[in-house]
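Student: Model the full assembly from the supplied sequences, consistent with the hints where possible.
The numbering of the sequence shown is our numbering, which starts it at 1 and goes up by one.
Think of the hints as simulated: they come from the structure by calculation, not from any bench.
In this text, all values refer to a predicted model and were calculated from it rather than measured experimentally.
From the three backbone atoms N, C-alpha and C, an ideal C-beta is built for every residue, glycine too.
For each label pair, taking beta carbons as the anchor points, the in silico distance ranges come out as: (1) Met-142 x Gly-88: 16 to 24 Å; (2) Tyr-89 x Gln-206: 51 to 59 Å; (3) Asp-309 x Asn-244: 19 to 27 Å; (4) Met-408 x Val-363: 24 to 32 Å; (5) Gly-332 x Thr-160: 56 to 64 Å; (6) Gly-332 x Gly-207: 29 to 37 Å; (7) Pro-375 x Arg-140: 49 to 57 Å; (8) Glu-379 x Gln-138: 53 to 61 Å; (9) Asp-300 x Asn-185: 42 to 50 Å; (10) Gly-207 x Ile-396: 37 to 45 Å.
Taking lysine to any residue pairs in the SDA-like style, the calculated list, with each CA pair at most 25 Å apart, reads: (11) Lys-132 x Arg-83; (12) Lys-479 x Glu-529; (13) Lys-532 x His-478.
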Amino acid sequence: MKRDAFPLMVMVIIGMLFLSVSCSTTTTLDPVGQIQPELVQKPAVITQDEPEIYENAPKTAEPTPVDGFSQQSAIAKPVKPKRVFRIGYVTPFSDSIVVSNETGYTLVQLDIFSERMYQENDDMENLLPSEKLIHHGQQRLMLSATPSLQEALVRDRTETFTINAIDTDGDRYILSWQPERDSWNIVLSPEELDFSSQTLLAVPPQGGNFFITNNTGYPLNALYVIHPEFQEGAEHLNNGEHTNLLGSSTFLPGSIVQIATEDTPWIADQLPFDAYGSVVVRSQDIEGDFYQKMWYPTSDIWNVELTIDDLQYDDLAPIYGDSVLYIQNATGFEIWYLYLVSGEMFAEHDYGDDLLEDSTLDVGEGIFIDLSRFPYLDELLASGQTEPWYLVGLDIDDREYYRPWSPMEDGWELELNDENFQPIPLPEATYDYTTLLLENTTGEDIWFLYLVTDAMAENDDTGKDVLGDVIWRADAMHKLVPESFPHVASWLRSHPDIPLTLLAQTYGDVIYRRTWSPLVDGWLITLSEEHKQE
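Tutor: This is the structure in structure tokens:
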């Protein structure tokens, strides 16, 4: 018999519907009289990495300064950039004109004038109150300070005005300006540079005036003209060399000054055409640098131009004397080295420092030398010695010339000429207890030195090393005492006409050989590279 499954299936479906309805229906409980479940608070979880924090924890004490140091405000203070103001529009025919410099150079002179002003006076005025207008700078010119220009702008307002400007190099800029049409903020640029007016002022020679042009590029505050034979305190010069021809004024770059010959009587005898004289023109700029130039009134134009080439690199005093010596080269050759030594140093060929340092003294040139810059000369000056000093000069071939100098008798300006600057005589051969001078110009140190007579040479005997334990250094003088070569002195007394052979040896066994005769070479032995034995 088959089972009847239909009733079973109906019961299963009804049961499932009942379960689904009961699960989806929300049961609402009346809270009244019900027991509310008690909330269980979980303990806080404290880990080792997170320390417990208390609201009322004590404040941490301020750290104590270490080693006496305390906190302080910043020492380095910020610097605020400054404002830059540029003048733009300027109202025409107001109380001022603005000039803007875009030339690339500093302007030191500026003038604005009409044709009528030019006809009345062709001397250039300087409208720059500060006497300097830098590149990218602007200058407001108050017309009340220049009444002539103020009147001309009212009277000639329809005319064309001309602007002249001069920079520190002496170059001139020329610009046309029409007040009614053009801007009153006048801009000067390189386009206005005018080379047609760069010639020096032409002046007649041997006139009543001479001129000096400042093309150094710097303002000058001192200007001197100096007699070539000036002696300190000379009565006929009336101390004119100490007169600053500028007084308290400033000699601007690109400017020219005029000097009346009657105002410089101390150089009057150098100015006539047939005098063939010379005058030292010397100046000082506002930075303390000196410029110097020789002026020859007979052959040079009477407008002396000072340029940057005339700059003297020595630190000099305002006038010479006391410690500043002026030396003029009137010889026929260029002086490459110049020394000033005492009589003792001169006798021993110990010349000390080169007074010319890195320069030379050309024919016709002069130089100021501050002797106090050289320690040993400063000591000699302080000692007040009355014995003559010696000026020693060397030409390009190392020929030596000298002249004695006594500051009290000869003054502080010296002229070196072919008469008083003579070749140095060779040291006299005394054959006695005078030290023999050795001059090493080989460029190498000499470790051994032998003086060999003919008799010694015949027996291949070089004798003993006359240097002993001394090394004859390169480019140095060495004094050989007579006790180190008695056999040589004895030989020379018996055979004064026969030369000796000198043998020198370096540490590297390089040999130098030369003959030496006191009658020809003097009591001085010079060893040079040409004596190297091949």
